[in-house]
Amino acid sequence: METRPLPHIGFPRVTLHAPRWRRPSRARLLVWGSALLVAAAVMLPPLYLLLRAVGAGSQAWSALLRARTLIIIGNTALLAITVTAASAVLALTLAWLTTRSDLPGRRLWSVLTALPLVIPSYVGGYLMVASLGPRGMLQGWLEPLLGIERLPEIYGFPGAALVLTLLSYPYALLTLRAAFQRLDPAQEEAARSLGRSRRTVFLRITLPQLRPALAAGSLLVALYTLRDFGAVSIMRFNTFTRVLYIQYRSSFDRSGAAALALVLVILTLAILAIEMRLRGRGRIHSNQASAQRPPALVPLGRWRWPALAFCSLIVLLSLVIPAGVLLYWLVRGLLSGEVLMPLLQVAANSILAGTLAAVLIIAAAIPVAILVTRRPSPLAHGIERLTYVGFALPGIVVALSLVFFGSRYAPSLYQTLPLLLLAYLVLFLPEAVGAVKSALLQIHPNLEEAARSLGRDPLQAFRLVLLPQIRPGLAAGAALVFLTTMKELPATLLLAPLGFRTLATSVWSAVEEAFFAQAAAPALLIILTSSLPLAYLVLRERETAA
Amino acid sequence: MSQPAVICRALTKSFNATAAVHAVDLSVPEGQILAILGPSGSGKTTLLRLIAGFEEPDHGEIRINDQPVASAAVFVPPERRRVGMVFQSHALFPHLTVADNVAFGIRDEHDRHQRVAHFLELVGLEKLAARYPHELSGGESQRVALARALAAEPVVVLLDEPFSNLDAELRVRMREEVRLILKETGTTALFVTHDQEEALFMGDRMAVLRAGRLEQEGTPEAVYSNPASRSLAEFLGHAEFIAGVVTDAGLETELGRLAQRVDLPPGSVVEVGFRADDVALAADEAGEAEVLARIFRGGTTLYRVKLPSGKIVHSMQAHTLTLEPGSRVRLWLEPHHPLPCYAEGKALRIHEMAPRRH
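Taken in sequence, the protein lines are chains R and X.
In this text, residue positions in the first sequence follow the numbering used here: the first is 1, and each later residue adds one.
In this text, residue positions in the second sequence follow the numbering used here: the first is 1001, and each later residue adds one.
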């Protein structure tokens, strides 16, 4: 009988040995080395800021406790709360109308109401001032009719709140629309068949399940408001970011600015922490219904007309008027002989900075993404988390920290392209890591392993097998970084080499001096370039849906 | 027997303190196929990945062609082990044609074309050389994966559930084809699967891996008819057990006397393992057993029968016999080989008593 039960004897037992240390392979050294370098680079601004703030001395800290700081905190909080609340109401209404009601033209409205995403806040601010400002378009029309030379001020809180609400509600809208679409209509139908009215079902079944999405979307809006520099500066409303910029421009008290910046970072971190906690919970909710029928649409009946009027008003305010104003100033500028030639140089600068940033940041994201997806370990995840520091740092804070650092320790780098690129790296690495990671996650590790067992070393396996596969993902990530860089304002403003004007800084300086016609062409170019990724995302969504 | 191509000694690998592979000893002789049968989570894939070099063992040793490739002192990276891997997902490179996939592991430039052609012909795909993986059917991509692994002239080919992505009919055809190719080329192979039938078919030898431990190794026939433990017999399927009392004349059971002996004193009780096809059945008005259910299986019919003691057993019969539930029957064991016996769950050494009686 040829049976051999295998008791665990027969071979000498190999004794336990301590974990051996072997020289790590070249590939492993390369990946870990570059990932650590990237992590160190992105940690430079926050750590240096902390250092300066701690070393600021009691004077700076007591300055922080003065009434003025309280006013800044009050202003910032007031603005954040107002914008968030207004956006939440807008977004909830629009999300319901475009997913659950029989509103005529739902698809069109859902695209139009998402579009304000492509308008950077400083362009939005510029267009508000250029239309309703004391010497804006409205005044230009009224002057010949009524002889009004100045309109009442729109600067300050109302202007800032209006601009930021109109620009940031789409963040909450997109989150809520997704949540509405994930809800299982069978639950609502079950509640209806249990004898509840439509209103009760909405309040007791639908709304509670939307709560995580509503909270997450609202926090996104709050974060946007907190970090915003362009709109509040143009609207001359003293929140943290504007005050930081003024301090940078006017005072030599850099430690005080550092302390103030640190307070802003802490506020941002707090909101981010809440947001992450809620997002984790939201995910649990979203897993339940995958295959489901589309919900039955609620007939609006007579309410159709007010609903249409509401959507039209929002689109009018957030899209049509800005576009109209932009065209008005563009045409007016062209008619009055505004030359477009300097624009070429400025656009070339923007493209140069964007291209360099895209290449650098994607290259930096690759080792981090490889570590997390292919060699997950606590250290790898730690490094990944460090690269997300850009989410917590407003652009103005990163820029200020690098200004301080550069002027003190690296004067030869100060106001050169490399230091600007470092700021871009800190700010935009998160989206690049996200893009590269999702590209890598789509490739089964078996592919590289197959290459290895067919005799290729890790670097060859990467080059011959992995790279050709993830190239489209890398390209998409690079495009995203490029376009985000194109419209970035505060870091570019503070760190660009002298005389290096980009589209964003051109809009800024033209608006600062109320040359509205000069700002129109670069603003239009920025909006066009920002529209590209949205168009890409929409097209891709349609492709996957088909 | 020639030198083993692969040897594992006391191989152990844990993930987060759970042993995926525990003290595994095995060897694959050159030119043979060892099929490893294990349920999901038994550590089959980890075992293969350790041999291929994608995981490092915690302890133990792996030798390929008598060279240590993983031990306390050495770790040879996968690309220098000459181990061909056929993945469950096939892992064809989607950006390369069939021919380029097969050529990928051939390092020698000058006869690359000929060898690609040779191996494509071997798997019958010479016409599809210019296709891309997404243009292949499941069976075709299976063949490309095999050709790619063989073309690199590996010392051993590891196959990780290679047929599980195929539909049932194709699976049977592919395993015959793959076995034929491996045998034709004299390839040493280690094949893991959770499908018992597949393991019985593919292996020159077969081993059972459960919870990271190698429980039994032998020819497929030996493993199937004489599981080394009661729980292994249950795992291998359709196993039933009945008490047998040791007497001088053999083992007395409720299903008659068995002409076999175990090394235990008379009066000891053992568990006898049998399958439904070892049980004979005859309609008998005076019989004390009662048919509970008739389960029609196509070619055969399975009867569920209650014995006088209340124990329920199964008997496999030709589909020509039809008995309704409630019929009285007579049952007895009529095996064509000695039945395995277990005491305290462990297999006992058994001796046949000639002449065998019915």
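Do not rely on the hints blindly, as some may be mistaken.
[To be verified] Across the chosen pairs, the derived CB separations fall in these ranges:
1) S25/R <-> T1018/X: 54 to 62 Å
2) L203/R <-> N1165/X: 57 to 65 Å
3) L203/R <-> L1170/X: 53 to 61 Å
4) K1127/X <-> S193/R: 32 to 40 Å
5) G195/R <-> S1164/X: 35 to 43 Å
6) H381/R <-> S1137/X: 38 to 46 Å
7) H1118/X <-> Q442/R: 50 to 58 Å
8) A348/R <-> K1127/X: 51 to 59 Å
9) Q442/R <-> S1164/X: 27 to 35 Å
10) N1165/X <-> S25/R: 28 to 36 Å
[What the hints assert, rightly or not] Reference listing, derived: stretches of chain X covered by chain R, where coverage requires no fewer than 3 residues with Cβ under 8 Å from a Cβ of chain R:
11) 1185 to 1196
12) 1323 to 1329
[Unchecked claim] Residues of chain X clear of chain R, computed beta-carbon distances all greater than 10 Å:
13) R1107
14) E1109
15) R1148
16) A1152
17) P1154
18) S1231
19) V1245
20) E1271
21) R1294
22) R1304
23) E1344
For the record, the hints were derived by calculation from the structure and aren't laboratory data.
Because the structure is a prediction, the values reported are computed rather than measured.
Yeah, the Cβ is synthetic: ideal placement off N, Cα and C, and Gly gets one too.
Results for each hint:
Checking the proposed 54 to 62 Å range against S25/R and T1018/X shows it is violated: the Cβ atoms sit about 27 Å from each other. In this structure, L203/R and N1165/X break the distance hint of 57 to 65 Å, their C-beta atoms being roughly 48 Å apart. A hinted range of 53 to 61 Å for the beta carbons of L203/R and L1170/X is consistent with their spacing of about 54 Å. At about 59 Å, the CB distance of K1127/X to S193/R disagrees with the hint of 32 to 40 Å.
For G195/R and S1164/X, the Cβ-Cβ distance of about 49 Å falls outside the hinted range of 35 to 43 Å, so the restraint is violated. For H381/R paired with S1137/X, a C-beta distance near 40 Å keeps the hint of 38 to 46 Å intact. The supplied range of 50 to 58 Å is broken by H1118/X and Q442/R, whose beta-carbon atoms lie about 34 Å from each other. The supplied range of 51 to 59 Å is met by A348/R and K1127/X, whose beta-carbon atoms lie about 53 Å from each other.
In this structure the hint that Q442/R and S1164/X lie 27 to 35 Å apart at CB is violated, the actual value being about 21 Å. In this structure, N1165/X and S25/R meet the distance hint of 28 to 36 Å, their C-beta atoms being roughly 32 Å apart. For the region 1185 to 1196 of chain X, the assignment as covered by chain R is violated, since 0 residues bring a beta-carbon within under 8 Å of that chain's beta-carbons and 3 are needed. Remark: the region 1323 to 1329 of chain X is not confirmed as covered by chain R, as 0 of its residues place a Cβ nearer than 8 Å to a Cβ of that chain, below the required three.
For R1107/X, the non-interface assignment is contradicted: its Cβ lies about 6 Å from the closest Cβ of chain R, within the 10 Å cut-off. The claim that E1109/X is not at the interface with chain R holds, since no C-beta of that chain comes within 10 Å of its own (minimum 13 Å). For R1148/X, the non-interface assignment is contradicted: its Cβ lies about 7 Å from the closest Cβ of chain R, within the 10 Å cut-off. For A1152/X, the non-interface assignment is contradicted: its Cβ lies about 5 Å from the closest Cβ of chain R, within the 10 Å cut-off.
For P1154/X, the requirement that its beta carbon stay farther than 10 Å from each beta carbon of chain R is not met, with the minimum near 8 Å. At the 10 Å boundary, the C-beta of S1231/X stays outside the reach of chain R, the nearest C-beta of that chain being 13 Å off. Once the 10 Å rule is applied to beta carbons, V1245/X is consistent with being away from chain R; the minimum gap is 23 Å. Residue-level check passed: E1271/X sits 16 Å from the nearest beta carbon of chain R, beyond 10 Å.
For R1294/X, the requirement that its beta carbon stay farther than 10 Å from each beta carbon of chain R is met, with the minimum near 35 Å. The non-interface label for R1304/X is consistent with chain R: the shortest C-beta to C-beta separation is roughly 30 Å, beyond 10 Å. Against chain R, the non-interface label of E1344/X holds: every CB pair exceeds 10 Å, the least being about 14 Å.
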